[in-house]
Amino acid sequence: VNTALTIPTFTAADFLPVMPAAILTIGAIIVLLSEVFLSNKSRAHQAPLSVITALIAMVVAVENAFEPAREVLQGFAVLDPLGSWNSALVSLAAALASLLAAGFLKHRNAERGEFYALMLFGAAGMSLLGLSSELITLFINLEVLSVATYALTAYLRRGPRSAEAGFKYFILGAFSASVLVYGAALLYGATGTTKLNAEMVSALTTAMAPGSGKQMLVYCAFLLLAMGFAFKVAAVPFHMWTPDVYEGAPTPVTALMSAAVKAAAFVAMVRTFLFVGKVVTPEVVFAVLAALAALTMVAGNLMALPQRNVKRMLAYSSIAHAGYLLLAVAALFVPASMANNHDVSIMSASPLGLAPNLAADLYKGILFYLLGYTVTAIGAFGTLSAIERREDETRGSTWDLDRLSGLAQRKPFWAAAMAAFMLSLGGIPPTVGFMGKLLIFRGAVDAGLLGLSLLGILASAAGVYYYLRVVVYMYMRPVPEGAQEPARFWTTELALGTSAVLVVVLGIAPGTITEWLSRAGMVFGR
Amino acid sequence: VNESNLLNLVVWSPVAVAALVAFLPKGEAAQIRVATLFGMLVNFGLCVAAFAAFTPGASEFQLEYRVRWIDEIGTSYHLGMDGLAATLVLLTGILGPLVVLASWTFITERVKEFHLALLILQTAMLGALVSLDVLLFYIFFEAMLVPMYLLIGVWGSEERQMAATKFFLYTLVGSLVMLVALLAVYFIAAPAGSRSFDYSTLYNGLLAGQREAANCVAAATGHCNGASVAGGALFRYGPWLFAAFALAFAIKVPMWPLHTWLPDAHVQAPVAGSMILAGVMLKMGTFGFWRFAIPLFPVAARGHQKLFAGLAVIGIVYGALMCLAQRDIKKLIAYSSVSHLGYCMLGMMAFTAEGATGSAYQMLNHGVSTGALFMLFGMLYERRHARLMSDYGGLSKSMPVFAAMFLIITFSSVAVPGTNGFVGEFLVLLGTFKSGLPWWAGVFATSGVIFGAAYMLWMVQRVFFGPLTRPENAALVDMNRRELAATIPFIVLVLVMGLKPQPILDVLAPSTDKFIARSMYAAQGAEIPEAAVQVVVKPLPPKGAVQPMAAPPPAAAAQDLRPVDAAVAARAQRLAPGFLTPVARPLPFALPAPAEKNP
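Residue numbers (my numbering), protein chains in the order written: chain P, 8 to 533; chain G, 53 to 651.
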């Protein structure tokens, strides 16, 4: 090992991928600094500032998505469309969540500068997580986003649920992070490198060679890494924290967590496994991912069925949606031995087996699904945040289905938007949810995963029940006695409107976006 | 008007008018009504133009319009209509203005929203009829639910919420199951890269598999080794996929025992809701069987022919018996719908030319006669706000014109010769007796005709004849000019379709031929060439190209696979109204001999 200190030389191009994260961080710092100079105690500027920051970051990230894939910052990060789209998604989610938070916090007199700063810092962490191609960098970015979300979860610390949720999230999050870092350490022990690139592949190949004695180490490392990521994406059976945390967190934070944290974790997972999975026996990788996908799709939907608490139902639904995404990730790792039963044309000579065009379709599907889920879930949680009232929190009925009864008569536009979100989550055309599911299931079917896809389609058909129940309550139940008029905030309505329009427009005319996303097939390392 | 844009105008003109109506002030009820009526009349004119532009004997699907839509998943914006769709489009167009006229004074609250719902519903129904892309069809099919739900739930009578919810959930459950099956067909019908939701891709993609699946079923070995992907999938999952499609459409028809939403929906709906529901929306179920469920899964459909025919017969008899037991007039008309649509389904499931023609004709008849019955009863209800027969009696004395109109429509409903109902029911029964179905199907179905006469005439007798027992009935005023204007088109249709069915039968003939060929495709003993059933449509325009505005491309005409039709069309133009002639003409392919009826 060369111990001589070398000063690395970076060019401006090296910093291109981290620009969105840098912009988000600068925005966060400005928000924090503005606290010092507050003269009239008005914090009205903070939400718009965060939104604008996040939107600028999103534009920069979209620009980056058209750059050719390459290694940057000495191999600690990569610039590729997958990572750039992740940054764009995360920024979009942060912008929408900030819009939601403005009204939410004002209603509770809880406006403080650290809320938006934490959101932006967290988003920066998520953006960087999607770029990291080195295990320590990856872990640090995971912690950056996690610490921000722990704090955000417990933000309303005097509320009955927030502290519990924050604590639970912190304990389990720290535990899962330690599992992940344990896996990374074992991997380093087996290979002597932490870089996720050709170096890792060659070292792993040596470690997996017969007689090296390190196979068990590599398998343990893989399983621990898989567990760590499964915690973060809330895959069954590592999902136990999700409902409690999602329910207890302030609703705009839940929206951000369900969409952006998940997106970043998925991208990091794909990136890590692309290098580890190339060498570890492909059947093992596939079996683990396929089992997680099957369990998550089925259990997520089944557990959501009996929920009367809409926020909890959406938490379980977010688990189910992680299952569909896991199905697509599993399809990326279809081993060549399985292809023999189907069609040989789905395999290529590349180490991972799946033909490049099919893999590109899957990346596109995953990203489109994440995009669709982001706008839909933020909209759905946003509607909940708009109707919830502080007074109900002590009684624990804040998010009961009955609170939505007759919403169509009280707030026709909110109800229409919520109905669009529910249809999209259920995967009913012409919404973005249908397009996303179709792309994912098509990719999985093309990769030869017929049985798993059928399971997924049936599970999501069962899921339609609990989404439509919300619609039924909104449109077909009378307004309950003594229902109070929910407070209106233009920021909340803007976020709901934007999400609803995106849900429908991306469902009817996804053309341009899917074409842009097609370039996500160019993942670094393929 | 450019021909290839005609269907676009037909489908979207109501929504365009709705956009205008949306800008009218809320209080101006009269303006809103006039604007909607005007829009519906324009739409009616466009529907007539589309019907007139349809040439029987030319290519199967005409007035096609196709542009790229979502390339990613292979769905295009593709409109086009065959003979059955052309007649149903005409029916929908006719009902449009009549529905507005019928609700002229009945709807006084939220007038603007009511008319917006009517216009949007019109677009959704027409769109579903002319969509040749199955995803597009599905979107229109689902979109029909929302305005109809509002029509029942907002402007209905006392129990409207319950009825609307029931209607909505029943239909939605069925269509969601269909969506799953539709996705399965999407995956089975074409390999990766060439997948499409277009009807032609789905149908033609399954064709080779149909024959393999049919052979495997006939071989009865329990497996289908060596078949293609489509063949193996159709063999194994075909019955399930057929069941999923059939469930969605059977709920919509509705077939017994899935009919329970219908009486509630009809009874609670306002007159406009009942008219549209009976007139067009129930036909979406039979149309779906005709267009999708049976042609896509002929092997499974033939395998369950007796089951579905049996359900249809039970529906006919059960509906009729329920009618005999009703005291509520609206409920009686609703149950008569169950009975009449049983004929549609029975005729279709007979898989004979007569049966299919009768089924298609019966769809139109039911739209006219039941739509008219609901409208006429709506006039009565507006005057008296009573639904029970015992509230009426002797109305022919106070409302002679109304009674006469009601009687004519009743005759149509009970299929008196000379009215449209006779043509349809006669053909259906003829087709059933000629088919391979067991004898009981025809016999019990015929008993439905007798029951039908009994319950309708009994109802007429109790409502219109006898002494005027109640003073409030004596004071009822007869029809006014608006009501007459709304009724006379129905009377004309009843008589024209009853006395001169030939023009409509000519338009239907190519569709029935295709339907029979497709439903009997790959049946043992039937020699139907692949070319006779293949769906030939306009190809997808190349990317970036301007939509060519010409009428159907010459390629489609050159590929015309049905020389017989030209002769039929020529003869139809030449001949005087030859009653029921087209069904006597030989089919352009050989069908298996009907099975022995008494084994």
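Check the hints yourself; a few may be wrong.
Restraint-style ranges between C-beta atoms, simulated for each label pair [unchecked claim]:
hint : chain 1 : residue 1 : chain 2 : residue 2 : range
1    : P       : Ile59     : G       : Ala74     : 26 to 36 Å
2    : P       : Ile515    : G       : Leu72     : 44 to 54 Å
3    : G       : Gly470    : P       : Leu309    : 21 to 31 Å
4    : G       : Ala260    : P       : Ile59     : 50 to 60 Å
5    : G       : Thr312    : P       : Tyr472    : 39 to 49 Å
Computed cross-link-like contacts, DSSO-like style, restricted to lysine-lysine with a CA-CA straight-line distance of at most 30 Å [stated by the list, open to error]:
hint : chain 1 : residue 1 : chain 2 : residue 2
6    : G       : Lys383    : G       : Lys486
7    : G       : Lys552    : G       : Lys486
8    : G       : Lys449    : G       : Lys218
9    : G       : Lys552    : P       : Lys418
10   : G       : Lys218    : G       : Lys164
11   : G       : Lys358    : G       : Lys449
12   : P       : Lys221    : P       : Lys285
13   : G       : Lys383    : P       : Lys418
14   : G       : Lys486    : P       : Lys418
Hint data in this document are derived by calculation from the structure and do not stem from the laboratory.
The C-beta atom is built at its ideal place from N, Cα and C for all residues, glycine as well.
Could you work out which earlier hints the structure fails to respect and list their numbers in ascending sequence?
2, 3, 5, 6, 8, 9, 11, 13, 14
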